[in-house]
Amino acid sequence: MKFEKIESKTVVIAVDNIDTDQIIPARYLKAISKEGLGEGLFRDWRYNPDGSLKPDFPLNQASARGAQILVAGDNFGCGSSREHAPWALTQNGFRAVISTSFADIFKGNALKNGLLPVVAPAEAHTELLRTPGAVVTIDLASQTARLPTGRSFEFPIDSFAKQCLLEGVDELGYMLAQEAAIAAYERAHPSLVNTRSA
Amino acid sequence: MKSRTIVEKIWETHVVAEPPGAPALLYIDLHLIHEVTSPQAFSMLRERGLKVRRPDLTIATMDHSTPTTSRELPILDKEGAAQLAQMEKNCADFGIPLYNLKSDKQGIVHVMGPEQGLTQPGMTIVCGDSHTATHGAFGALAFGIGTSQVGHVLATQCLLQAPSKTYAIRVDGALKPGVSAKDIILAVIAKIGIGGGTGCVFEYLGSTIRGLSMEERMTICNMSIEGGARAGLVAPDDTTYQYLAGREFAPKGAAWEAAVTRWRKLASDDGAAYAHELKIDAEVLEPMVTFGTNPGMGIPISGAIPDPASVSDPLAKSDLTNALKYMDLEPGKPLLGHPIDVVFVGSCTNSRISDLRAAAGVIQGRKVNPKVRMLVVPGSQQVKKQAEAEGLDKIFREAGADFRESGCSMCLAMNGDQLEPGQYSVSTSNRNFEGRQGKGGRTFLASPLTAAASAVTGVVTDVRTLL
Numbered sequence: 001m002k003f004e005k006i007e008s009k010t011v012v013i014a015v016d017n018i019d020t021d022q023i024i025p026a027r028y029l030k031a032i033s034k035e036g037l038g039e040g041l042f043r044d045w046r047y048n049p050d051g052s053l054k055p056d057f058p059l060n061q062a063s064a065r066g067a068q069i070l071v072a073g074d075n076f077g078c079g080s081s082r083e084h085a086p087w088a089l090t091q092n093g094f095r096a097v098i099s100t101s102f103a104d105i106f107k108g109n110a111l112k113n114g115l116l117p118v119v120a121p122a123e124a125h126t127e128l129l130r131t132p133g134a135v136v137t138i139d140l141a142s143q144t145a146r147l148p149t150g151r152s153f154e155f156p157i158d159s160f161a162k163q164c165l166l167e168g169v170d171e172l173g174y175m176l177a178q179e180a181a182i183a184a185y186e187r188a189h190p191s192l193v194n195t196r197s198a
Numbered sequence: 001m002k003s004r005t006i007v008e009k010i011w012e013t014h015v016v017a018e019p020p021g022a023p024a025l026l027y028i029d030l031h032l033i034h035e036v037t038s039p040q041a042f043s044m045l046r047e048r049g050l051k052v053r054r055p056d057l058t059i060a061t062m063d064h065s066t067p068t069t070s071r072e073l074p075i076l077d078k079e080g081a082a083q084l085a086q087m088e089k090n091c092a093d094f095g096i097p098l099y100n101l102k103s104d105k106q107g108i109v110h111v112m113g114p115e116q117g118l119t120q121p122g123m124t125i126v127c128g129d130s131h132t133a134t135h136g137a138f139g140a141l142a143f144g145i146g147t148s149q150v151g152h153v154l155a156t157q158c159l160l161q162a163p164s165k166t167y168a169i170r171v172d173g174a175l176k177p178g179v180s181a182k183d184i185i186l187a188v189i190a191k192i193g194i195g196g197g198t199g200c201v202f203e204y205l206g207s208t209i210r211g212l213s214m215e216e217r218m219t220i221c222n223m224s225i226e227g228g229a230r231a232g233l234v235a236p237d238d239t240t241y242q243y244l245a246g247r248e249f250a251p252k253g254a255a256w257e258a259a260v261t262r263w264r265k266l267a268s269d270d271g272a273a274y275a276h277e278l279k280i281d282a283e284v285l286e287p288m289v290t291f292g293t294n295p296g297m298g299i300p301i302s303g304a305i306p307d308p309a310s311v312s313d314p315l316a317k318s319d320l321t322n323a324l325k326y327m328d329l330e331p332g333k334p335l336l337g338h339p340i341d342v343v344f345v346g347s348c349t350n351s352r353i354s355d356l357r358a359a360a361g362v363i364q365g366r367k368v369n370p371k372v373r374m375l376v377v378p379g380s381q382q383v384k385k386q387a388e389a390e391g392l393d394k395i396f397r398e399a400g401a402d403f404r405e406s407g408c409s410m411c412l413a414m415n416g417d418q419l420e421p422g423q424y425s426v427s428t429s430n431r432n433f434e435g436r437q438g439k440g441g442r443t444f445l446a447s448p449l450t451a452a453a454s455a456v457t458g459v460v461t462d463v464r465t466l467l
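Read top to bottom, the protein sequences are chains C and R. When we follow our numbering, the leftmost residue of the first sequence carries the number 1, and every step to the right adds one. When we follow our numbering, the leftmost residue of the second sequence carries the number 1, and every step to the right adds one.
These aren't lab readings, by the way, just hints derived from the structure by calculation. Quick reminder that beta carbons are idealized off the backbone N, C-alpha and C, glycines included. Just to be clear, a hint being listed does not mean it is correct.
Said to hold, decoys possible - Some residues of chain R that are not near chain C, with every Cβ distance over 10 Å (derived): (1) 77; (2) 283; (3) 357.
As the list claims (entries may be wrong) - Sample of chain R residues lacking proximity to chain C, with all beta carbon distances greater than 10 Å (derived): (4) 3; (5) 9; (6) 13; (7) 16; (8) 17; (9) 55; (10) 168; (11) 191; (12) 300; (13) 305; (14) 325; (15) 391.
To be verified - In silico DSS-like cross-links for lysine-lysine, where the CA-CA straight-line distance does not exceed 27 Å: (16) 165/R to 191/R; (17) 325/R to 367/R; (18) 51/R to 34/C; (19) 371/R to 34/C; (20) 34/C to 165/R.
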C-alpha cells in the first residue's frame, strides 16, 4: 500500500514519555493475530475502572472522531518493543504521530505499519499542543507538515523508509531478493552455535 | 588503523550487504523467540509460503504468559493457554527447538540464553523483546525488535539496520555495602532520563563494571532500554570466559581456545570515539528507588520525593504532577517508611541465582511482614533448581514468602500474577509504568536487597539498616 498525503485534524495527548504499556496494556498481548487490538488503545486512560468512558480523555471527545494525526509529548513510544502499539493506533485510524522525539523500537515498528512518526521542532510542537483539532497537512514526499496558521516545518525520515512507504515497497521482499549475498556470507562465516545440537 | 569501539567491530563483521541508499543488511547469529511477539510473524511466513531460514540459529522458550503456579496444574487462562499451544505448533511446524513448560531449561528468554551458553561475545542477538540488551553483558550486540522484524529474521536471518551512535558510560570506584548493580543502572537512568540514550548503544566501562560478576553485568545491560538505548554492552574479559566455560552451547576443546583468542580482540581500542559520555562515581552511590511512573523517576533511598514546583518545563512539570497523583505521594516527603503491600523478586533484571541469594541473605532468620505478600519467581528452571539445592526456597518459604515456578510473572502481569488497584509494590523488575504490574498498581523499582529488606519491615527500607 502506498502512503498518501494526509490532511486531518489532530488529537492531542499532551504527555511526555508515553510508553507502549499505556498505548496498549500487556493484557492485550495474549492475542495470536493482529485482529481486534484497536479496542486496547490507551485502554486504561480511556476507561474508568468500572468500564465507563473517561469523558475528559482526548480520544473520547466527539471532536477526536476521524482524526488521523496524534500529537503527543516528547519520547513517544518508549518501553516495550510490542508492535501491538502501532497496530492498535492504525486500527483506530491513525496514520501519523507528531512528537519531538520517538523511542527507537517504536519508530521502526511504526514505519513498518504505515504509521508515520513525525518529529516536529519545539515551536511548531508547542503550537500543535495548544491547538487540538487543528487541521494539519503532512506530505511525506516533501517531508513537510503544514499547520493552519501557515507555519510549516520539514521533518527528518530515513530515505529508505520513505521510499518504502511512498512506493509501497515490501521490505521482506527486498531482503529475500538478497539471497545470494546472504548465502555468500553464510559460506564465509561458520555458525557460532547450533541450537538443535543439544 | 582507526581506533574502533566494540560496537563497530561487531557491526563490521556482520554486514552482509550495504547497498547505497538503503540500510545495511546485518547478519544475526542468534534469534531468541517467545510466545507473545512471534505468533503474527509465523502467520506471515505461512501466508507467504516461507520457511525459517536457520532454525539452528533460532531457539524458543515460554515465559511471558506462563503461570508461576505448579506445573501440574492446568492453565486456567484460555487466551494464555492458546498462545502457548500456538508456540508449540509454530516451533514443531518450523523445526525450532523449544523449551516448553515441561523442559528443565525453560525460563525467561534473557535468563535462559546466557545460562545455556548460547549468548557469546561478538555475536549479534535479537529477540522480540526490548530487554534483549541483557545479552550485551557478554560483549554481544543484542537488541529488541518488533514482530515484523521477527518475521524478517525468521525468513532471512538478517535485519535491515542503520548503525547506532555509541554512548560511553564509565563507572569507577568501589560500591558501598548494600549498593548493587541495580542501583548503578537506576542511578544512570535517573541522571540521563528515559530518553537519554535514544539512537545510541551504551558501552559500560570503568573499574566498577570490570569488578562485577556476569549476573550483575546482565542487570545493568538489561535496563539499557530504560535509558532509551536499544542495546548496551560490556566488553568480554576473564569474568566472561569463566562464566561461559563448560556451558551447554559454549565451544569446547580447540574451538574454545580459538573462540577466546577471537573474543580477546573485541574490546574497544584505546582512543575509540564515542558520541556521548557519562561518568558515574560508584563510591557515592546509595541504594536507589523509583517514586514515579517511569524508570527515570528515581532517587537515592534517603532522598526526598521531588517537587513539581521546582520544574520549569510545562510538560515535565505535569508529568511529575501526574506521576505523584497516580502514586498518591507527596512532594518533599521521604519515600523511606512508605507502607507497601507486595514485594516481587524476579524478572529478567533480577531473577538469577545471585539475586535470590542476596534476597535470601536479608530474609534469613527474619519473617516477611504479615501485611506483605512476597513473591520470589526464579528466572528459569535452572535457577530454581540451584536455589533449591542451596536451600534458598526453604529460607523464603519459612519466612512466609511464596517461592514459585519460573517466568516473567509480575514484571508485566500477563500471567495472573498482579497487583490489585491501589496496591504498592517494591519490585526488582525494570518498569514502573502506570498499570505495568496490574491495573491501578503502583511500583517502586529497587534492588533485590532493598526489596527483601522492605518485605521484612513492610515499608520502603534502607537495607543498610538491616545488614
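How the hints compare with the structure:
Some Cβ of chain C comes within 10 Å of the Cβ of residue 77/R; the nearest lies about 8 Å off, and the non-interface call is violated. In this structure residue 283/R is separated from chain C by more than 10 Å, as the shortest Cβ-Cβ distance comes to about 31 Å. Residue 357/R, annotated as away from the interface, keeps every beta carbon of chain C farther than 10 Å; the closest lies near 27 Å. Listed as outside the interface, residue 3/R is consistent with that label: its C-beta sits roughly 24 Å from the nearest C-beta of chain C, beyond the 10 Å cut-off.
Taking the minimum C-beta to C-beta distance to chain C, about 14 Å, the non-interface status of residue 9/R holds against the 10 Å cut. Not every C-beta of chain C lies more than 10 Å from that of residue 13/R, the closest at about 8 Å, which undercuts listing it as non-interface. Distance to chain C contradicts residue 16/R as a non-interface residue, since its nearest Cβ pair spans about 4 Å, not more than 10 Å. Distance check on residue 17/R: its Cβ comes as close as 4 Å (rounded) to a Cβ of chain C, failing to clear the 10 Å threshold; non-interface status is violated.
Listed as a non-interface residue, residue 55/R fails to keep its Cβ farther than 10 Å from every Cβ of chain C; the least gap is roughly 7 Å. Even its closest Cβ contact with chain C, about 18 Å, leaves residue 168/R beyond 10 Å, as expected for a residue assigned away from the interface. No Cβ of chain C comes within 10 Å of the Cβ of residue 191/R; the nearest lies about 16 Å off, and the non-interface call holds. Look at residue 300/R: its CB is around 22 Å from the nearest CB on chain C, clear of 10 Å, so calling it non-interface holds up.
Residue placement check: residue 305/R keeps its beta carbon more than 10 Å from all beta carbons of chain C (closest about 18 Å). Separation of residue 325/R from chain C is adequate, the least Cβ-Cβ distance of about 13 Å exceeding the 10 Å criterion. The claim that residue 391/R lies off the interface holds: its Cβ sits roughly 29 Å from the closest Cβ of chain C, which is beyond the 10 Å cut-off. Simply put, residue 165/R and residue 191/R have alpha-carbon atoms about 19 Å apart, close enough for the 27 Å limit, and the pair holds.
Proposed proximity of residue 325/R and residue 367/R is contradicted: the alpha carbons are some 32 Å apart, above 27 Å. Only pairs whose Cα atoms come within 27 Å are accepted, and residue 51/R paired with residue 34/C is accepted, the gap being roughly 21 Å. At roughly 41 Å between alpha-carbon atoms, residue 371/R and residue 34/C are farther apart than 27 Å, so this suggested pair is violated. At roughly 33 Å between alpha-carbon atoms, residue 34/C and residue 165/R are farther apart than 27 Å, so this suggested pair is violated.
Of the hints listed earlier, those the structure fails to meet are numbers 1, 6, 7, 8, 9, 17, 19 and 20, in rising order.
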